[in-house]
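The listed protein sequences correspond, in order, to chains A and B.
Position 208 of the first sequence, counted from 1, bears residue number 208 in full-length UniProt numbering, the numbering being contiguous throughout.
Position 265 of the second sequence, counted from 1, bears residue number 265 in full-length UniProt numbering, the numbering being contiguous throughout.
Keep in mind the hints are simulated off the structure, nothing from the lab.
Be aware that one or more of the hints could be misleading.
Which stretches of chain A does chain B cover? Using the computed rule of at least three CB atoms under 8 Å from a CB of chain B, they are [stated by the list, open to error]:
#1 246-253
#2 270-282
Using 20 Å as the maximum straight-line C-alpha spacing, the simulated EDC-like pairs for lysine to aspartate or glutamate come out as follows [to be verified]:
#3 K230/B - D216/B
#4 K36/A - D216/B
#5 K130/B - D211/B
#6 K36/A - D309/A
#7 K36/A - D129/B
#8 K130/B - E222/A
#9 K234/B - D313/B
Derived DEER-like restraints, expressed as beta-carbon distance ranges [to be verified]:
#10 V182/A - E177/B: 32 to 38 Å
#11 W117/A - T233/B: 45 to 51 Å
#12 Y217/B - F174/A: 53 to 59 Å
Note that CB positions come from ideal geometry on N, CA and C, so glycine has one too.
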Amino acid sequence: MATNQDAEAAVLSDDMAASSPPMGIKVIVREFMRDKLALASLILLVGLLVTVFIWSFLIDQDQVTNVSLWDSYLRPMSFSEDPAREGMRFILGTDSAGRDIFGLLLIGARNSLLLGWSVTVVTSIIGIVIGILAAYYAGLIDNIIMRIIDFIMILPQLMIIIIFITIVPTYNVFTFALILIVFNWHGQARFIRGRALTVGRLDFISASKTMGTPSLVIMLREMMPNISSLIIVNLTLNFAGSIGLETGLSYLGFGLPPGTPSLGTLVAYATNPDILENRAWVWLPASTLILVLVLCINYVGRALQRAADAKQRLG
Amino acid sequence: MWKTIFRRILLMIPQMIILSILIFIIADFMPGDPFRGLVDPNLDPAQLEAQREAFGLNDPLPVRYVRWVGDALQGDFGRSFNYQQPVVAVIGGRLGNTVRLSLLSVILTYLIGLPLGILAGRYNESVLDKTVLVYNFVSFAVPIFVLALLMVWIFGYNLNWFPSRGSVSINASTPWEVWTSRLYHLILPSITTAILGTTSIIQYLRSEIIDAKVSDYVKTARSKGVPISKVYTKHIFRNASLPIASGFGFTIVGLFTGSIFIEQIFNYRGMGYLFLQSINTRDYSVIFVLVLFYGFLGLIGTLLSDLILMAVDPRIRID
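Same shape as in the complex, but just chain A:
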């Protein structure tokens, strides 16, 4: 009898589990288990991030940026020809100044990732705040914000960023990041506003307003959780975009300041036709790494996007 009851309880609890919709992290895990390519991208991405961050802190930046004209443009896997650096081996060869490409690649990747992530996080925060404010208050405030965003949208973004980079009096990593943020928040704000507008029209928000809930509480505790999954998806997709923008600008010579290697500065060696044609080891690894990073991040973002939208889920 007792066992029978246990079995019944087990069946009942099984039913309960089946009927309650999967939530949060469970959905994401399921989505990744269903899409093996997404899982592979995630593992590759995490592996790359861990390698880049741990290894780049282990190696000595001074040693990597150490110039030796003896070692100019050594092929991959060759040993140093400089008596002072005897026994050093360059897995990916060296650049014009005899610097180790592999070391530059690690430090450059770290810098590009850090900068891309900070820019993404700050623009997202600005975008969320402005987007939700515009959607909640609507009317005049929304109108003013949208006119400003429309105006920024018609500006030739890349050109304006380059112009600002050339006119900043003290140009360093922070001013560079600031310029990127100033000309990138509007896309986020527009996106978040659009989504927040739909949420803001729902009945429970109106009910909350009638009950006298303070506006700040409605925005933070009621509207934001409803778009939180979109925020995470957007964060991932924009991360890839920021990396693309930073490396692109660095490639053109308007990116991270000299002395702060980026993946883009390594690719920029390819502006010299001789290096582009005959010394591919200088720029090809950085280009490949950019491609792999951007593809992985985007793929993971897509999987998250599907997980956030019940209609698109695979699992």
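Go by the hints and put chain B onto chain A.
Leaving out everything else, chain B in the frame of chain A:
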């Protein structure tokens, strides 16, 4: 219709004024002035100062702005100090190159995007559809400068199929040779642009067609006995192409803007290349007019897109 256009154009005027004032202020912040670096270092500083005074560079900002606007309204957009030519002539000289490149890129983009989008939508869940989705994902993610470099490296240098730099061969003499050489130089950069440009076309077409397939008007057409292929070409395609039409205004103005990355990597002397050169030589008058021109094109693009959408979709009324 005409009233709408007229009103929209009137609304553009204040936007253009704000844009020009902003860019004028920014240009004023740029370090140095056009005289620095161009003049003989042995020149007497007092004389240099006199030159600056004569050109009105020492006047206060508003005075210079009003003077600039006055000249611009008469078609005088200033002189490029680097090229020793009117800015309009400098930009005009590059515009042709950019328009040729963008035109071929746009044609190729639609040649790739439309069939792939339609086929992926029509046969969705098929192998073809999955391949198109992968391609679409990659083309969305890949940064253009990385792809362009790889294309130059593979097809320009290693395989030697296409010229890797410039817009026309110096050996071309007859008009026929000049045009074929131009086309030959255009192929690689335009293919690169087109490969990455198809994302939104394919995305919109595919999802619109998938939605339309189960809609009532398609069922009606089928039950009337309209052949399936005709339903796709006549009924579904017209509806599915609406989102693409809404972006067409920007495609048209995009013909004049070109791409900084593509022109830099292929050493193609168009507008983007001119911009980078002007930044490096601090040729402010050119930079200023270029940014203003691009801003103007942005405004026109929005207007055109709305008008095109109105023209193709009678349900939409924009006022």
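Comparing the hints with the structure gives:
no.: 1; hint: 246-253; result: holds (count 4)
no.: 2; hint: 270-282; result: holds (count 6)
no.: 3; hint: K230/B - D216/B; result: holds (16 Å)
no.: 4; hint: K36/A - D216/B; result: violated (37 Å)
no.: 5; hint: K130/B - D211/B; result: holds (17 Å)
no.: 6; hint: K36/A - D309/A; result: holds (19 Å)
no.: 7; hint: K36/A - D129/B; result: holds (19 Å)
no.: 8; hint: K130/B - E222/A; result: violated (38 Å)
no.: 9; hint: K234/B - D313/B; result: holds (15 Å)
no.: 10; hint: V182/A - E177/B: 32 to 38 Å; result: violated (48 Å)
no.: 11; hint: W117/A - T233/B: 45 to 51 Å; result: holds (47 Å)
no.: 12; hint: Y217/B - F174/A: 53 to 59 Å; result: holds (56 Å)
Violation of the numbered hints given earlier is confined to hints 4, 8 and 10; the remaining hints are satisfied by the structure.
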